[in-house]
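Peer 1: Keeping their order, the protein sequence lines are chains A and B. If you count the first sequence from 1, position 51 lands on 50 in numbering that gives the first Met the number 0, and the numbers rise without skipping. If you count the second sequence from 1, position 290 lands on 289 in numbering that gives the first Met the number 0, and the numbers rise without skipping.
The hints are simulated quantities; they were obtained by calculation from the structure and are not laboratory data. The structure displayed is predicted, hence computed values, not measured ones. A couple of the hints might just be wrong.
Note: identical chains are not told apart, hence a pair may lie in one copy or across any two.
In silico BS3-like links for lysine-lysine, alpha-carbon gap of 30 Å or less [as the list claims (entries may be wrong)]:
no., residue 1, residue 2
1, Lys-216, Lys-285
2, Lys-13, Lys-262
3, Lys-240, Lys-147
4, Lys-262, Lys-212
2 protein chains.
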Amino acid sequence: MKNKNCNQQQILKKRPNGLPDKNTWELIETDLKELSDGEMLIEQEYISLDPAMRGWINQTRSYIPPVEIDDVMRAGSVGKVIKTEGKTIFNVGDYVTGWGGVQTYCITKGENFYKVDIQKAPLSYYIGILGMPGMTAYFGILEVGEVKQGDVVLVSGAAGAVGSVVGQIAKIKGCKVFGIAGGKTKCNYITDKLGFDGAIDYKNENLIEGIKKHCPKGIDIYFDNVGGEILDSALIFLRKKARVVICGAISQYNAVSNIEGPKNYLSLLVNRASMKGMVVLDYAPKYPEAMKQMALWILEGKLSYKQDVYSGIENFRETFLRLFSGDKMGKLILKIKE
Amino acid sequence: MKNKNCNQQQILKKRPNGLPDKNTWELIETDLKELSDGEMLIEQEYISLDPAMRGWINQTRSYIPPVEIDDVMRAGSVGKVIKTEGKTIFNVGDYVTGWGGVQTYCITKGENFYKVDIQKAPLSYYIGILGMPGMTAYFGILEVGEVKQGDVVLVSGAAGAVGSVVGQIAKIKGCKVFGIAGGKTKCNYITDKLGFDGAIDYKNENLIEGIKKHCPKGIDIYFDNVGGEILDSALIFLRKKARVVICGAISQYNAVSNIEGPKNYLSLLVNRASMKGMVVLDYAPKYPEAMKQMALWILEGKLSYKQDVYSGIENFRETFLRLFSGDKMGKLILKIKE
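One chain only, chain A, in its complex shape (with noise of 0.2 Å):
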């Protein structure tokens, strides 16, 4: 039982080559400071666990600059405010999230937080389908990949936070979509439970031959968490003017060589195609719009999504590593308040 005055931290204590291993993160104990004039203290609840947090304990400059030595490790969260000094922009009792970092509580001014409403959805959801991922797979299938009626669309990490929103939204848009995911439960999962069109499980099927099954005619729109062998043989099947999204690359974040180019890259060529990356933060201005759509899609059922929650601060670092594994379901998400 942590103390009322107390913070528990997870501190990025030695960049990894690889894998984070014991010795990437510590977890340690500090007072809670006074707040200042304008500060709130926020009880942390739910800490979002996101492929893309292993780029940012790299010491190179990413699309964000890397967590710093001795620092709390960055992570989306959501929490409530329990205590506020002077003017501030969120009352007690609110619900609130941002990047609150892996700790129990989180002093802030409320720079980049945005207050949630806990009776149109769970409040995890607004680190998952209604946060970050859930806009990421918004805007990348809708903007990015301009996704249009008839298109034949193929994702990779389809049973995970992104994926599986992807596929859903290209369904709504009347697209046929097939999904590529590691074993048979998240295969069945996106077929049966999210209305994809086909499944292809890269850890049991010959990927090549599984594309070729169901996209006979090519991809209009390949949508890439991953990156490696599968971005190399999607490219394979890309129709005149297909779109690629470069949306992650989980299979490469942690190689401790160099990372392998898609050798297949010329079909954009031959195929007058193009690959274009993305930053979901981009889009910040946009996400009201999106959520109310999302959280309308849900409503009406259209729109599955699917939590993998784990408990306890102390567990971080074993969690974040379901994520490279593939031992997980959906949204990874860490409860942290006990």
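Assemble the complex: chain A is given as a structure, and chain B must be docked to it using the hints.
Peer 2: The following block gives chain B in isolation, referenced to the frame of chain A:
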């Protein structure tokens, strides 16, 4: 001295593994057949030698079907109509350009042939700056690259038939333009003669250092003709929303094993950039408009153009190989009319 009734033809005999060798083509002589109604006999003067031709002799279908074994090698050409039979679309004395192939005479009904005006430009220009390479440069930088004033543009194969024109058009459009080329002569040519703002000699300089020196704030457009390590290095320097135009990959066309994929492709993600393939044939309906503009720029002295002309159909293979050895300057052409 060839017989007036005899056609010399380079015939594809064996698909090469790697660089074409002595067994790839065979030079044969055939009797010219009688013309049927609507047919024209074209005496060919110049053959265009382009890197893309290497792709056409692979087994696999690319954006056009492969050249079949025992067929005349496909090539763009210019020549003169010297005989017609019945009602034909061109007249005796007309100069035309089209897919005449590597042969001294060509019999055609004129599908995909265009009449050219030798008063406006030298005949050979119609397979160069006013032909496929020129059109590729024009639509590649303007429509695929979406060039705009102030962009920092990097071009590989910068002294070549396409790259040299891409860079000059970007200069006309008010960009900072840098080129990558092999050797001091080519580098001097693109800066001193073509007005590029700088050159990187990939044979004698460290690529990454060179790009960093010339483009310290990164690049908005990378126009790629070569692939491989050069593409990979350029990707490191993409600015936000940068465009990579995949026009060719001359470094990879003769690869005997897997081609090299761009290891740094995740720069597309981090920088919300795009990589887009192009095939010039898609722009055929707009060629006349582009040719008019290019001819005007040539006239105004804004576009400089260099041809490297070799002679003799019997020298086809060794001349063609200069494309890959880099041993030529500007547009490579084979003169086949004695």
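Peer 1: Run every hint past the structure and note whether it holds.
Peer 2: Hints, verified against the model:
1. Lys-216 / Lys-285: between (35 Å within a copy, 29 Å between copies)
2. Lys-13 / Lys-262: between (33 Å within a copy, 25 Å between copies)
3. Lys-240 / Lys-147: Both ways: Lys-240 and Lys-147 sit 13 Å apart in one copy and 23 Å across, limit 30 Å.
4. Lys-262 / Lys-212: Both. Shortest intra-copy (22 Å) and inter-copy (29 Å) distances satisfy the 30 Å Cα cut-off.
Going down the numbered hints, you'll see the structure goes against none, and every one checks out.
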